[in-house]
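Student: Here's the letter readout for the chains.
Number of protein chains: 2
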Amino acid sequence: MTTSDTTSAGPLVTAAILVIGDEILSGRTKDKNIGYIAEYLTNIGIELREVRIVPDLTDEIVAALNALRARYSYVFTTGGIGPTHDDITADSVAAAFGVSIDHDPRAIAMLSERFPADQLNEARLRMARIPAGAELIANSVSKAPGFNIGNVYVMAGVPSIMQAMLDVVGPTLRTGVKVLSDTVRAGLREGDIGTALAEVAKAYPEVSIGSYPFWSETGPDTNVVVRSRDPEKLSQAMNSVKAMIESERARLSK
Amino acid sequence: MTTSDTTSAGPLVTAAILVIGDEILSGRTKDKNIGYIAEYLTNIGIELREVRIVPDLTDEIVAALNALRARYSYVFTTGGIGPTHDDITADSVAAAFGVSIDHDPRAIAMLSERFPADQLNEARLRMARIPAGAELIANSVSKAPGFNIGNVYVMAGVPSIMQAMLDVVGPTLRTGVKVLSDTVRAGLREGDIGTALAEVAKAYPEVSIGSYPFWSETGPDTNVVVRSRDPEKLSQAMNSVKAMIESERARLSK
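From first to last, the protein sequence lines stand for chains Z and P.
Its first residue numbered 1, the first sequence is counted upward by one per residue in the UniProt record's numbering.
Its first residue numbered 1, the second sequence is counted upward by one per residue in the UniProt record's numbering.
Hints were generated in silico from the structure; no laboratory data involved.
Warning: the hint list may mix true and false statements.
In this list, chains with the same sequence are indistinguishable; a pair is considered to hold if it fits within one copy or across any two.
Unchecked claim - Straight-line Cα separation of at most 16 Å, EDC-like style, residue types lysine to aspartate or glutamate; simulated pairs:
hint: 1; residue 1: 143; residue 2: 113
hint: 2; residue 1: 254; residue 2: 118
hint: 3; residue 1: 242; residue 2: 221
None of the values given here were measured: they were computed from a predicted structure.
If we strip away everything but chain Z, and leave its shape as in the complex, we get (with noise of 0.2 Å):
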């Protein structure tokens, strides 16, 4: 699929994330931008369709970006734009977009906001490397910036960090349909409605219906959740959801 497609309920925009970070893949940190920025997509009607983490490494940034700038409406990257020597995001969007890179004026005016001129130091100009071409995105926490080329965004892996710079990132956004969605409590476990839902979504293939379970404290229990662009087929498909529960539980309680 590609940015191309459309749905019958306007254009679809999609979205991946591209986490970059030797100490997410080694455990020691946790990753909490991943849900942050997928719950903020849906929210605004972009699609996130990928992610990917990969290690601080030129080659793999470059080969995971290509691949999914290609694929993707947008793509947003995490991590890996701070002083130091470890930090080659912004070197690495710059080789796969093959742009030079060099200190941005507008991104060292940012910095000095910060920094005395002292402390504007070797490692610290780092932050102000940036791909040519690229317009910065402002950083109201700490000012270092990141930046956005062609279809990719560039953010702090810092979680508060890459907060701010989303809220600057997202009203700049084209957006499509949002997808909207309804979640039914089922009172039954996930394997007694499976087989009765499985028909209910195979007369519904334009709506998205999930099945999730878990534990309340009556037991094991189930969330339905239907997904359209389309509210009337939410609706519909939802209703026909909920007529299947109650037939199941009919059935169950005899």
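Given chain Z, work out where chain P should sit, using these hints.
Tutor: Just chain P now, with coordinates in the frame of chain Z:
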């Protein structure tokens, strides 16, 4: 890099995780498995190299699985092995390996430990569909098994069940030399030590040195993490990092 990678300290065993689930990509469910598996693998000497999250679509699962299993020693999947129509992992794995899939008598026996015959309906029997040639992974929590085929380990998405399965799988895996790590808190900001830290990193090319900023009660601070399979090289590099930090502290306090 391939599974035949070796290091001076011994053979390298690598892994990838493939998370299967629309509910993670929509942000409705926050993944808790990646960090757990990452830490588990690091602790037993397996290097996690890549993670992908893909939707509940057969073609996506097959493509990601075939890319990852060709490249790493092991692939661990989570999610999509429940009793409902949206659980398509087992069928997708069979398709990726080009083998048939059918109800497995061993898996039915396991399910029978929990479900009496009249509850082993079509939906629950979906959980006994196992690709030809696979070995089962016992599930001490809810009985429905995972499975292993080739270098791929297929596990549940529910964290408690995934963890129980990983405890079964872990001791059977080939492991490499464990990556050792040592952390020092710099008491300085990342940008204060970045330039000097890059010099240390250059002097120890076989050691991985990472820098992770955090906020402490006294303000911005930095953890420097040194990682290596060779305890002697680790110790030498860490001594140089500590000497560098002392020197930078002295310089900055002037």
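Student: State for each hint whether it applies.
Tutor: The hints, checked one at a time:
no.	hint	verdict
1	143 with 113	within (7 Å within a copy, 59 Å between copies)
2	254 with 118	between (80 Å within a copy, 13 Å between copies)
3	242 with 221	within (15 Å within a copy, 54 Å between copies)
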